[in-house]
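Full structure from sequences and hints, please.
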Amino acid sequence: MRPFDYHRAETFDDVTSGQIIAGGTNLLDLMKIQVMTPEALVDITRLEGLSAIVPEGDGLRIGALVTNSALAYDPLVRAGWPLLSRAILAGASAQIRNKATTGGNLLQRTRCPYFYDTSQPCNKRTPGAGCAAIGGGGRMLALFGTSDHCLAAHPSDMAVALTALGAEVEIHGANGTRRVPLQDLYVPPADRPDRETILETGDLITAVILPAPKSGSRQGYRKVRDRASYAFALVSVAGAVTMEGGTITDVSLAFGSVAPKPWTIPEVEQMLLGQPASDDLFRRAADLLAPDPAPHPETEYKRALLRRTFVATMRQLTGLADTTGTDIARAEA
Amino acid sequence: MKTYLSVNAKSYAVEHDPRRTLLDTLRDDLGLPGTKKGCDHGQCGACTILLNGERVNACLCLTAMHDGDEITTIEGIGSPELLSELQKAFVEKDGYQCGFCTPGQIMSATALLQEIANGAPSYVSDDLDSAALTDAEIAERMSGNLCRCSAYPLIREAIAMAAEGKE
Ligand SMILES: Cc1cc2nc3c(=O)[nH]c(=O)nc-3n(C[C@H](O)[C@H](O)[C@H](O)COP(=O)(O)OP(=O)(O)OC[C@H]3O[C@@H](n4cnc5c(N)ncnc54)[C@H](O)[C@@H]3O)c2cc1C
Ligand code: SF4
Ligand code: FES
Ligand code: FES
Chain A
1 MRPFDYHRAE TFDDVTSGQI IAGGTNLLDL MKIQVMTPEA LVDITRLEGL
51 SAIVPEGDGL RIGALVTNSA LAYDPLVRAG WPLLSRAILA GASAQIRNKA
101 TTGGNLLQRT RCPYFYDTSQ PCNKRTPGAG CAAIGGGGRM LALFGTSDHC
151 LAAHPSDMAV ALTALGAEVE IHGANGTRRV PLQDLYVPPA DRPDRETILE
201 TGDLITAVIL PAPKSGSRQG YRKVRDRASY AFALVSVAGA VTMEGGTITD
251 VSLAFGSVAP KPWTIPEVEQ MLLGQPASDD LFRRAADLLA PDPAPHPETE
301 YKRALLRRTF VATMRQLTGL ADTTGTDIAR AEA
Chain B
1 MKTYLSVNAK SYAVEHDPRR TLLDTLRDDL GLPGTKKGCD HGQCGACTIL
51 LNGERVNACL CLTAMHDGDE ITTIEGIGSP ELLSELQKAF VEKDGYQCGF
101 CTPGQIMSAT ALLQEIANGA PSYVSDDLDS AALTDAEIAE RMSGNLCRCS
151 AYPLIREAIA MAAEGKE
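Protein chains in written order, with full-length UniProt numbering: chain A, 1 to 333; chain B, 1 to 167.
Simulated from the structure, these hints should not be mistaken for lab results.
Every residue gets a Cβ at the ideal spot worked out from N, C-alpha and C, and that includes glycine.
Careful: at least some of the hints might be erroneous.
[Stated by the list, open to error] To give an idea of the interface, some chain B residues facing chain A are shown, with a C-beta separation under 7 Å as derived from the structure:
#1 18
#2 19
#3 56
#4 65
#5 68
[What the hints assert, rightly or not] Think about it this way: if two alpha-carbon atoms lie no more than 25 Å apart in a straight line, the pair counts; the simulated DSS-like pairs of lysine-lysine are:
#6 32(A) to 88(B)
#7 10(B) to 37(B)
#8 37(B) to 2(B)
#9 37(B) to 88(B)
#10 2(B) to 32(A)
[Said to hold, decoys possible] In silico negatives: residues of chain A with every beta carbon more than 10 Å from chain B:
#11 23
#12 85
#13 117
#14 137
#15 147
#16 166
#17 214
#18 229
#19 298
The structure is reproduced here in structure tokens:
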């Protein structure tokens, strides 16, 4: 690690003094290999009021310092937003989830191997340096939302669930506090893939806000990975579906590890809405999920994988397949 | 800079560089080498400790951020004369080969048994409100601890044995 000054934030405004560190599970890892070299760290873990999960109307306010474990285990979350518990428990290890925070999870960096390898050019690490993944290897890269300058995917599981659940992010900054849909926290890579979010220096994520769950919705998170546990997703699908009779009356979906942010495709939801659940419907909707060709030859396989994972998730959520829970993802993957 | 820690119920004041991790503090400053360094990147679990009662990877903790915190290491849960239930079960079942990952496995399993007692679900739990200790549950909950010797079946047996002893 390069030397740095360490500060402990006492007020929200103190975060201007350096790179924010919360759980440290991503930042310290990147500092050890000098992919990130902040001159100052500002430790936000002693800030008051950021560690609680409290009801807000019929929804939930999740403090930015709530750990991934505490969020997954929370009785209100388990009951009303089980998709969120499932997605968090599908990620990392128990040790990491005990340390990782809600804010940090949203802002974790990509797992593109060239981003980690300081001997390779990477526009995300050094803007303008070039992209080693273009013309190199790349089975973890994205399908959607890439640019000519970066093909990397966002690796979070939790953020995919939060996107499907319609979460908002609360940000404290120089001009007070604002709320944005989680979808709008992230900016497209364009020609500056080093800029990943709308956050400016001094901005602090203070909370994530969940709207009330749709009553009677079935929720699920299906993650496909190289091994059964403790691996990042190749693709994942988060969904919440409400049915009346055999008809889909509400549906909300998000797709993980296939774009620089948790990805949504409104046309898919529109095609499903008001229709009776059927395999034929799901197969037709799945055709909207696969850009042709994939942006990198090594992610070609993700097109078929995403389609199949989507169909399997929809069958599970609409009762065409009678298994629930994420275990069937492993059985069929 | 200076940080105050409670390690295995003893108080310490450590003088250190801001870059120091808890793992290096424990091993190199406090003379507690039971906690192992495998990868130093959160990937192997050899450095698992209890931080305020919860398992974490000591290699991903900055000492500076843990002023006043309570830490338990493998040295703190038993002694050669008085082994913990899990330590006994690992010996009984041969839950190791070279032994390098073992302190991390035992610290992780110590927390696992507490998590089960608290009703915490895992990725493989059919129901988010139940926490049975099946073989699949043990495997999933221990996936943050790698074993290069691949002693996994006996590690899981040892944990199951200690869990039965607890009931
Ligand atoms: C071995 C390993 C396996 C993993 N597997 C998975 C997986 O399968 N799925 C998955 O989703 N994740 C996985 N992770 C990633 C893990 O989830 C993240 O490292 C973690 O969520 C980051 O949270 P943190 O609090 O530790 O963030 P930190 O490392 O403290 O910070 C991350 C970034 O967020 C910024 N930041 C943190 N909090 C705030 C805030 N409140 N406001 C503004 N900025 C902030 C920091 O400045 C930094 O840039 C894995 C990590 C490891 C090491
Ligand atoms: S894909 Fe993005 S992160 Fe990966 S090497 Fe190219 S610029 Fe860097
Ligand atoms: S040494 Fe900490 S996880 Fe490997
Ligand atoms: S016993 Fe050798 S690494 Fe586990």
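Comparing the hints with the structure gives:
no.: 1; hint: 18; in the structure: holds, 4 Å
no.: 2; hint: 19; in the structure: holds, 5 Å
no.: 3; hint: 56; in the structure: holds, 5 Å
no.: 4; hint: 65; in the structure: holds, 5 Å
no.: 5; hint: 68; in the structure: violated, 10 Å
no.: 6; hint: 32(A) to 88(B); in the structure: violated, 36 Å
no.: 7; hint: 10(B) to 37(B); in the structure: holds, 22 Å
no.: 8; hint: 37(B) to 2(B); in the structure: holds, 23 Å
no.: 9; hint: 37(B) to 88(B); in the structure: holds, 23 Å
no.: 10; hint: 2(B) to 32(A); in the structure: holds, 22 Å
no.: 11; hint: 23; in the structure: violated, 8 Å
no.: 12; hint: 85; in the structure: violated, 6 Å
no.: 13; hint: 117; in the structure: holds, 14 Å
no.: 14; hint: 137; in the structure: holds, 20 Å
no.: 15; hint: 147; in the structure: holds, 29 Å
no.: 16; hint: 166; in the structure: holds, 20 Å
no.: 17; hint: 214; in the structure: holds, 18 Å
no.: 18; hint: 229; in the structure: violated, 4 Å
no.: 19; hint: 298; in the structure: holds, 23 Å
Violated hints, in rising order: 5, 6, 11, 12 and 18; the structure is consistent with all others.
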